[in-house]
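Participant: Sequence order for the protein chains is Z and R. Going by the working numbering, the first residue of the first sequence is number 1, and it counts up by one from there. Going by the working numbering, the first residue of the second sequence is number 1, and it counts up by one from there.
Hints in this document: simulated from the structure, not taken from any laboratory. A hint or two may mislead.
A pair counts as met if it fits within one copy or between any two copies, since identical chains are not told apart.
Claimed, not checked - Within a straight-line C-alpha distance of at most 20 Å, the following computed SDA-like cross-link-like pairs (lysine to any residue) qualify: (1) Lys42 <-> Glu190; (2) Lys205 <-> Ile238; (3) Lys268 <-> Ile304; (4) Lys205 <-> Lys285; (5) Lys268 <-> Phe213; (6) Lys312 <-> Ile113; (7) Lys285 <-> Arg173; (8) Lys301 <-> Arg262; (9) Lys217 <-> Pro72; (10) Lys142 <-> Ala8; (11) Lys312 <-> Ser111; (12) Lys309 <-> Asp271; (13) Lys191 <-> Ser168; (14) Lys71 <-> Asn61; (15) Lys71 <-> Lys217; (16) Lys177 <-> Gly282; (17) Lys194 <-> Asp239; (18) Lys13 <-> Lys300; (19) Lys13 <-> Cys141; (20) Lys114 <-> Glu180; (21) Lys194 <-> Leu207; (22) Lys191 <-> Gly160.
2 protein chains.
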Amino acid sequence: MDITLSQAAEIIKSSDNIIITAHINPDGDAIGSLLALAIYIKDCGKNVTCILDDDIPEKFNFMPNISLIQKPSNIIKSDLLIVLDSSDIERIGKVAQMVQAPILNIDHHISNIKFADYLYLDADAAATGEIIFELLESQKCKFNKDIATCLYTAIATDCGFFRYANTSASTMRIAAKLIEAGVSPNMISEKIEKKSLENMRALIKALESLEFFLDNKVGVLSITEDILNICDNTEGFIDFPRVIDGVEIAILFKCVQDNLCRVSMRSKSVDVSSIAKIFNGGGHKRAAGCSILLPINEAKKLLIDTIAKQMKNGATDV
Amino acid sequence: MDITLSQAAEIIKSSDNIIITAHINPDGDAIGSLLALAIYIKDCGKNVTCILDDDIPEKFNFMPNISLIQKPSNIIKSDLLIVLDSSDIERIGKVAQMVQAPILNIDHHISNIKFADYLYLDADAAATGEIIFELLESQKCKFNKDIATCLYTAIATDCGFFRYANTSASTMRIAAKLIEAGVSPNMISEKIEKKSLENMRALIKALESLEFFLDNKVGVLSITEDILNICDNTEGFIDFPRVIDGVEIAILFKCVQDNLCRVSMRSKSVDVSSIAKIFNGGGHKRAAGCSILLPINEAKKLLIDTIAKQMKNGATDV
Chain Z
1 MDITLSQAAE IIKSSDNIII TAHINPDGDA IGSLLALAIY IKDCGKNVTC
51 ILDDDIPEKF NFMPNISLIQ KPSNIIKSDL LIVLDSSDIE RIGKVAQMVQ
101 APILNIDHHI SNIKFADYLY LDADAAATGE IIFELLESQK CKFNKDIATC
151 LYTAIATDCG FFRYANTSAS TMRIAAKLIE AGVSPNMISE KIEKKSLENM
201 RALIKALESL EFFLDNKVGV LSITEDILNI CDNTEGFIDF PRVIDGVEIA
251 ILFKCVQDNL CRVSMRSKSV DVSSIAKIFN GGGHKRAAGC SILLPINEAK
301 KLLIDTIAKQ MKNGATDV
Chain R
1 MDITLSQAAE IIKSSDNIII TAHINPDGDA IGSLLALAIY IKDCGKNVTC
51 ILDDDIPEKF NFMPNISLIQ KPSNIIKSDL LIVLDSSDIE RIGKVAQMVQ
101 APILNIDHHI SNIKFADYLY LDADAAATGE IIFELLESQK CKFNKDIATC
151 LYTAIATDCG FFRYANTSAS TMRIAAKLIE AGVSPNMISE KIEKKSLENM
201 RALIKALESL EFFLDNKVGV LSITEDILNI CDNTEGFIDF PRVIDGVEIA
251 ILFKCVQDNL CRVSMRSKSV DVSSIAKIFN GGGHKRAAGC SILLPINEAK
301 KLLIDTIAKQ MKNGATDV
């Protein structure tokens, strides 16, 4: 059932034992929204349990109360399960089976499949963190430094530190209020942008693989097994071909098995979701992905040939 | 003479023929502040000439009215010369000799040497663009998309897209108003972050030179002649060693002649200005630079040895 933000606040108010979760493969928005809401509900004198069915990436260790987040172990009953930043029940992993409670889903993904008992969805919000900010502000919450740090991290990471198209005037005004509540923008960006030595070594080797196709309109990185052996985190690597002048489509091939490549695509003006669909993948016009059951060099040739044909037909113009 | 913002506005109002300039080696703040103020003054029906004694980096070509900016050619008289974002008259190059007019200096550098007839200095502003925003707002300027785009570029580039320590709540609120005036944050970040193919190739070769010293606390990039032959723009390269976990000091050595290296240093917790001073350089605690009259390998050894001694003495703790 679709509900309003004040109805969501009422549901939380009327519950004493609350479990909060967010999606697996958690990002800054999932973790930051979860922790901010947990700190607030705890301060209201309620029982809060934070459960997430995945490891927390080390770079988020600086976040206040991060140790509150535990993995699901036993089946538990509760008054309410709040599911944050998740458009589908499958995104919360085992938590779906382990918690017996009505579900309140708070999300900003337009693709939300409306699985919950109660849904508050705001697809215009740059991050679920923006919605949590508005929820807490509507309840006259005093934003202390801990809550502000969690919400700022949630928002800043989901809008690429205010560089993506989802950054709105409202995003900026919320950030202003969070800075006034004690956030250090530089501290958060330093923590989030920190790279391990292994990750940097993997990036350098990945950049050495940079190739261009179709009159330099397509820039490709190939993540072979030897690179994944150094570090398997390739987050952000695709931005390197993406920012090159003249590159319309940036592609990252990740060789996950001898005959299986995961492919990520980013584009400036071409609809890459239509290309991903040919290989049973999906995504958005400017960011899409698929898997190709071939060794990396054959996968590369097949995908580039497909893109060449699509571009020639003009079938990929956004 | 130190003046207030409203006095600065009065001086501009009482002048009919105005020349605006900014510092050589111009960045987004210099160019954006200059263009925004020029568009506003032009809209007030005055004569404006934009002069800058340097080339405009290509990445700023997207900025509205960029073609208004010309290099100084003849000696000209005027009612007023507005010098933006410059702490010292030497920073405006030949413009100082070519223009005969009283000088109004608007700046945010704490190091300003107070060279001008009239100075409005706000060292708390993240960018001169913030001051220009406030000046125009105080004059009830209607921020059209062109002015807003110039000011947003000025502010965003000087605070590292809201990631540096100078980012304040006020910075964010100004950004919010500029977005409401029509700015696309993603369009501006895409234009600014765009890299030429040569620049990317130079970066990749520079990253291959990455070395570590002093228990991996010092990360070093060496920009040799062959890299500079590919592309001599190394802006941002030093951020790669800087973001590595455990690196306290990031250093970039640039081999500008056989026996001359330019050295840039960035630190997280060590005072690198005290190290730069030993080599007659200067800067801030966290960002400093110097020149060393030695071939790159000897310069590297000498600087690392000096840092080791300083760190051992604890003389470099901030």
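Participant: All the hints need checking, so say for each whether the structure fits it.
Facilitator: Results of checking the hints against the structure:
1. Lys42 <-> Glu190: neither (28 Å within a copy, 41 Å between copies)
2. Lys205 <-> Ile238: both (13 Å within a copy, 18 Å between copies)
3. Lys268 <-> Ile304: within (17 Å within a copy, 43 Å between copies)
4. Lys205 <-> Lys285: neither (29 Å within a copy, 33 Å between copies)
5. Lys268 <-> Phe213: Answer is within: at 16 Å inside a copy they meet the 20 Å cutoff, but 40 Å across does not.
6. Lys312 <-> Ile113: Neither: 35 Å inside a chain and 59 Å across chains, both beyond 20 Å.
7. Lys285 <-> Arg173: Neither: 29 Å inside a copy, 31 Å across copies.
8. Lys301 <-> Arg262: within (14 Å within a copy, 44 Å between copies)
9. Lys217 <-> Pro72: Answer is neither: 46 Å inside a copy and 38 Å across each miss the 20 Å cutoff.
10. Lys142 <-> Ala8: Cα proximity of Lys142 and Ala8: one copy only (19 Å, versus 39 Å across).
11. Lys312 <-> Ser111: Neither: 31 Å inside a chain and 56 Å across chains, both beyond 20 Å.
12. Lys309 <-> Asp271: within (13 Å within a copy, 56 Å between copies)
13. Lys191 <-> Ser168: Cα proximity of Lys191 and Ser168: across copies only (18 Å, versus 24 Å in one copy).
14. Lys71 <-> Asn61: Intra 16 Å, inter 51 Å, cutoff 20 Å: intra-copy only.
15. Lys71 <-> Lys217: neither (44 Å within a copy, 35 Å between copies)
16. Lys177 <-> Gly282: neither (37 Å within a copy, 36 Å between copies)
17. Lys194 <-> Asp239: both (16 Å within a copy, 10 Å between copies)
18. Lys13 <-> Lys300: Answer is neither: 54 Å inside a copy and 62 Å across each miss the 20 Å cutoff.
19. Lys13 <-> Cys141: within (13 Å within a copy, 46 Å between copies)
20. Lys114 <-> Glu180: Intra 35 Å, inter 32 Å, cutoff 20 Å: neither.
21. Lys194 <-> Leu207: Both: 18 Å inside a chain and 16 Å across chains, each within 20 Å.
22. Lys191 <-> Gly160: both (14 Å within a copy, 15 Å between copies)
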